[in-house]
Amino acid sequence: MSALAAELGAINLSQGFPDYDCPAELKELVSQAMQQGYNQYAPMAGLMSLREVIAAKTEKLYGAVYDPETEITVTAGGTQAIYTAISTVVNPNDEVIIFEPAYDAYAPAVRMMGGLVKSLQLEPPDYRINWEMVKRLITNRTRMIILNSPHNPTATMLRKEDIDQLISIINSRDIFILSDEVYEHLIFDGRTHESMARYAELRDRSFIVASLGKTFHVTGWKLGYCIAPAYLMREFRKIHQFLVFSVNTPMQFAAAEYLKNEEHYNYLPGFFQQKRDHFRAGLEQSRFKLLPCEGSYFQSVFYDAISDEKDTDFVVRLTREFGVAAIPTSAFYSKGTDFKVIRFCFAKTQETLDKAVDRLIKV
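With the UniProt record's numbering, the residue at position 110 of the sequence shown is 110, and numbering never jumps.
Think of the hints as simulated: they come from the structure by calculation, not from any bench.
Some clues are possibly wrong.
[Stated by the list, open to error] Taking lysine-lysine and the PhoX-like style, the derived pairs with C-alpha atoms no more than 25 angstroms apart in a straight line are:
1) Lys275 with Lys289
2) Lys160 with Lys60
3) Lys289 with Lys260
4) Lys335 with Lys310
[Said to hold, decoys possible] Per label pair, the in silico range of CB-to-CB distance:
5) Leu4 with Asn39: 20 to 26 angstroms
6) Asp304 with Tyr231: 44 to 50 angstroms
7) Ala281 with Ser49: 26 to 32 angstroms
Positions of the beta carbon are idealized from the N, C-alpha and C atoms, including for glycine.
Construct all of the structure, not just a fragment, from the sequences and the given hints.
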């Protein structure tokens, strides 16, 4: 869809990246690091200064103590961390439970390891997890459960009752958790991000993935990290070492310095909630039906009042005829399930969002 948007000169609300620049201070910190000669390999696990500030942030936000020496690794983005975590524990014929619609990197990584994907389909408008169905999916071969909150593409979040159910399910079972928390700071309306780090029963068997690219509006830097208990991180690093070895050095220096100021991430909920509210208010004038948006920078909508086309056909026509690109959510289902829902990204300038709304209200 991004390629089609570029070809047609359409407004691209499809792929999840900002159309505005990162803070000037952050770029200056990278420049300083380069000028000071920090241009050679960083340590395999990441700069200690960055791992220390990540540990401090995690403890402050979630009350969880992680050892930066043995339990935090800096990665080349969130997706690399996801692939490496899956590779660490999934063996041939192991079963991995994922919830669809799902980020498209999960299932291929499981299959690359010879694992079997067992998907549970979530349905609009609320996309809540049916934990009784999860229990039915679990067998003695279940190796991992993959969670994503705030969720892409549905913008829903795990709640305390979900955590309670998860704890009861994995209690006394040898199941690991991969928790994709790259949108941890993009939470709205005073909600609480239920990180796996908050709960000892989950923390002790979880890989938690985060993205500094998402946090700092620099998705092109491909900078993320994984935190996990030492016994898991030790194995994680055995794969990380031969997959990427280490991550770009000057960006790590910049991130380590920039993260010291808590305001550089504490402002994000308000920043993105303003964009969400502005975009939703505009779409209220259209024939699209808004779905809830609790976190992330995605807004999903029903278009069934407009057309009965397949969502894949509808988004192409929307791009060609109205000049706005979106993502069909059937792309996030392994069976291509079509609920007549499409996803917009609102990590854009107000000018971009206003232009998009002007076009969408004509649909």
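Results of checking the hints against the structure:
no. : hint                                   : in the structure
1   : Lys275 with Lys289                     : holds (18 angstroms)
2   : Lys160 with Lys60                      : holds (19 angstroms)
3   : Lys289 with Lys260                     : violated (41 angstroms)
4   : Lys335 with Lys310                     : holds (14 angstroms)
5   : Leu4 with Asn39: 20 to 26 angstroms    : violated (38 angstroms)
6   : Asp304 with Tyr231: 44 to 50 angstroms : holds (49 angstroms)
7   : Ala281 with Ser49: 26 to 32 angstroms  : violated (42 angstroms)
Hints 3, 5 and 7 from the list above are not met by this structure, while the remaining hints are.
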